[in-house]
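*Asks:* Listed below are the residues making up each chain.
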Amino acid sequence: DAGVTQSPTHLIKTRGQHVTLRCSPISGHKSVSWYQQVLGQGPQFIFQYYEKEERGRGNFPDRFSARQFPNYSSELNVNALLLGDSALYLCASSLGGADVPQHFGDGTRLSIL
Amino acid sequence: AQSVTQPDIHITVSEGASLELRCNYSYGATPYLFWYVQSPGQGLQLLLKYFSGDTLVQGIKGFEAEFKRSQSSFNLRKPSVHWSDAAEYFCAAYNTNAGKSTFGDGTTLTVKP
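Line by line, the protein sequences give chains A and B. Using the numbering used here, the first residue of the first sequence is number 2, and each one after it goes up by one. Using the numbering used here, the first residue of the second sequence is number 686, and each one after it goes up by one.
Hints listed in this document are in silico derivations from the structure and should not be mistaken for laboratory results. All values derive from a computational prediction rather than experimental measurement. We put the CB at the ideal spot given by N, CA and C, even for glycine. Hints may contain errors.
Stated by the list, open to error - Here are some, though not all, of the chain B residues that point toward chain A, as calculated from beta-carbon distances under 7 Å:
#, residue
1, GLY728
2, LEU731
3, TYR779
4, GLY784
5, LYS785
6, SER786
7, GLY789
8, ASP790
Turn these sequences into a full structure, and let the hints guide you.
*Replies:* So this is what it looks like as structure tokens:
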């Protein structure tokens with residue numbers, strides 16, 4: 002079975018642009034969580050979605066948004082990109098809303114110029 | 686606010702030597718606790734987890750961790766390190782009420798031949 006898949010693998014944007022990152026959970030998993038990992042730091046929680054509803058939100062500005070589709074895949078959108086948004090964005094999936102996200106994708110490396 | 690501290694930024698051990706990576710958490714109740722490993726350019730792989738019960742938990746790749754409530758610690762151990770264990774290690778705590786994970790900033794493990 003495929004694990005958590007994320008696309009694209011790498012992305013380069015300039016300040017002020019917007020970006021969409023995608024995540025497909027493990028088959029049968031209904032919850033997706035997003036994390037931002039800045040170089041040299043641990044991942045920071047951004048969002049959790051379960052059954053297309055937002056279940057948790059971290060301390061990120063409104064420029065960050067996400068959604069989950071009927072097939073449980075998810076998109077993370079970031080508007081008005083800043084240099085500080087350069088990071089590895091990780092997606093994790095789990096079976097249910099109360100399940101702990103234990104399965105991570107390899108991430109999308111976002112670089113802002 | 687929940688926090689996770691990994692006091693050691695970088696640890697170097699010789700191949701075959703024992704290893705202990707420290708993790709302390711701050712949380713009102715006992716959270717779910719995790720250790721992950723991350724190789725360069727990759728996502729996180731779950732090594733082991735503690736939810737409740739036996740305070741000594743076994744994980745993959747020969748790792749174990751011990752939960753000590755009195756010390757608010759969840760240290761990771763391995764009796765004999767292999768060169769392939771060189772990586773970044775993250776401790777995390779999951780807040781079941783908030784539905785989010787908090788990660789430490791990681792410990793980089795270097796293994797000397």
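*Asks:* Restraint: GLY784/B near chain A, CB-CB cut 7 Å. Satisfied or not?
*Replies:* Check passed: Cβ of GLY784/B comes within 4 Å of chain A, closer than 7 Å.
*Asks:* Hey, does the SER786/B contact hint survive, CB to chain A under 7 Å?
*Replies:* holds, 6 Å
*Asks:* Checking hints one by one. Is GLY728/B an interface residue toward chain A, by the C-beta closer than 7 Å rule?
*Replies:* holds, 4 Å
*Asks:* Classify the hint on ASP790/B as holds or violated, based on whether any CB of chain A lies nearer than 7 Å to its CB.
*Replies:* holds, 5 Å
*Asks:* Given TYR779/B as an interface hint, is the shortest Cβ-Cβ distance to chain A below 7 Å?
*Replies:* holds, 5 Å
*Asks:* Return the status of the interface hint for LEU731/B: holds when the least beta-carbon distance to chain A is below 7 Å, violated otherwise.
*Replies:* holds, 5 Å
*Asks:* How about GLY789/B: closest beta carbon in chain A under 7 Å, or not?
*Replies:* holds, 5 Å
*Asks:* Should the hint that LYS785/B touches chain A count as held when the rule is a Cβ pair under 7 Å?
*Replies:* At about 4 Å, which falls below the 7 Å cut-off, the nearest Cβ of chain A leaves the hint on LYS785/B intact, so it holds.
Violated hints: none; the structure is consistent with every hint.
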